[in-house]
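Listed in order, the protein sequences are those of chains B and X.
Counting from 1, position 284 in the first sequence corresponds to residue 285 in the working numbering; the numbering is continuous, with no gaps.
Counting from 1, position 38 in the second sequence corresponds to residue 85 in the working numbering; the numbering is continuous, with no gaps.
Hints listed in this document are in silico derivations from the structure and should not be mistaken for laboratory results.
Backbone N, C-alpha and C fix where the C-beta goes; we use that ideal spot for every residue, glycine too.
Calculated from the model, a selection of chain B residues having no Cβ within reach of chain X, i.e. all distances over 12 Å:
#1 A70
#2 E90
#3 L218
#4 F325
Just a few of them, taken from the derived set where beta-carbon distance is under 10 Å, the chain X residues facing chain B:
#5 H106
#6 E117
#7 D123
#8 A124
#9 R129
#10 A131
#11 L138
#12 C139
#13 E145
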Amino acid sequence: MSEVLSGRRGEVFEDGKGGLSVVDVDVHEMLTSVKDLVPHLEEPWRSRIEVNDGFKGPPGNPYSFPQPAGVAIQDAVTDDGSPAGSKLEMLQEQVLDRYGIEPAVLISLFHPTDHQIQPEFATALASAYNDWVLENWLEKDDRLRSSITVAAQEPRDAAREIDRLGSDPRFVQVILPAVAHHVFGRQHYWPIFEAAQRNELVVAFHQSGGTRTAVGLPPYYIEWHTAISQNWQSQLISLIAGGVFDEFEELKVAMVESSWTWVPHLMWRFDYNYRSLRREVPWVKRLPSEYIRERVRFSTQPMEYPEDPEDLYRMFEMIGSDEFLMFATDYPHWDFDSPEQALPRSFPKELQRKILSSNAREFYGF
Amino acid sequence: MASRQTVRQTASSGERHVLCGQGEVPPGTVKGFRAGNRRIALSCLDDGTFRVVADTCPHQAARLSLGSIERMWVSDAPGTHRRAGNRNVLLCPWHGFEFDLETGGDPCVPGRPDLKLKTYRVEVEDGQIAVYL
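If we strip away everything but chain B, and leave its shape as in the complex, we get (with noise of 0.2 Å):
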């Protein structure tokens, strides 16, 4: 295996952390099963998932994982069957303690919003949940952050939901699943942007059991997971060509799990399609890349390895801001990235901790 692919201890760590306090913006909390939000539903809904053969929760990853332990990193699987994710104390050992990690963000990977039908019951959802994340997580360790989970599919509640929650600053964002059906950018959604800037929200983008490629689902899972980036693709591009960014001067957006090394051939393309179709859309009053640099932020995880790391090195320096880049973990997943081994040396020692820590607290307000 070559030195690249083994991973290298940063030298950001090499003299035992030099104080720094690594901040990770992809943890994920997992219900045991969906009957966990029983206590926070009210009927009609309750009864719906609370008899045996009712509603099992949203549309999943609808592929089989080829890993040895699923989804998940053989050290998150639990002892008594329940899923990699869904136990405080292990997120708390194997992260938060392991790595000195403080906040660590939350983001559910529950989307009622790939639940496209009955919406008033998806709403009734996504507000148990949130209630289910306060009680079980972030009152049980203040090193947590977390998103808000809505249901997209109704603007309008799902910004009733961001209102109730907004005020509380353990919620730092909302999260919108990344997904090919629906671009967020039509102004059916702005209700949800409008309610995070309102609340001085991060939007959150990541995958979801609803995501899909260009092609739908292709035979394989390495197939999907190699092209999925596209969703985000489709949405930045969307949120930028619908003028959210112009109409909500404030809002910022988080692209988490998306990885990173195909925003510089975004930013040329969309930049040169602009001088020629600007007229098209011309309430967006700048170039896109100008938005991305200033108001979209990305998670590390999953980082690309190219055979030289200098390579990887010259692609963060294309995009022309050493601010866009977050550490994440991923954490519970197979595909986790440590603090200590995901950024190359060819990363200079103070970049490294702006990734690692800085550039998040300064996205977040943390």
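Given chain B, put chain X in place with the hints provided.
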């Protein structure tokens, strides 16, 4: 369309070149000329006034005089279009890049000097259109 050679005179405000008669370039059209060693594009706006800019697109050297003139589109809110008063743009025939006929600048990147067309003074004098280079 072939560029047309012009009549040259020297004046204190620049080298004067007579391009054509006033009626030869109708409103809403653009025509290319050679003036000295330069290629220039003469545009006649809807109100009958004229503008002259360099005829070579700084992108891939297309002849801008083969493009078209339109009022500049702006917007007050996403999803809406509005004409920007009397501001007009010349659209490159190849990639549709826009050039503001008042400034020569690209409305997308008005601060980029390398993407800006040179503009020239143009006058209607005794029924003839004269440009000063």
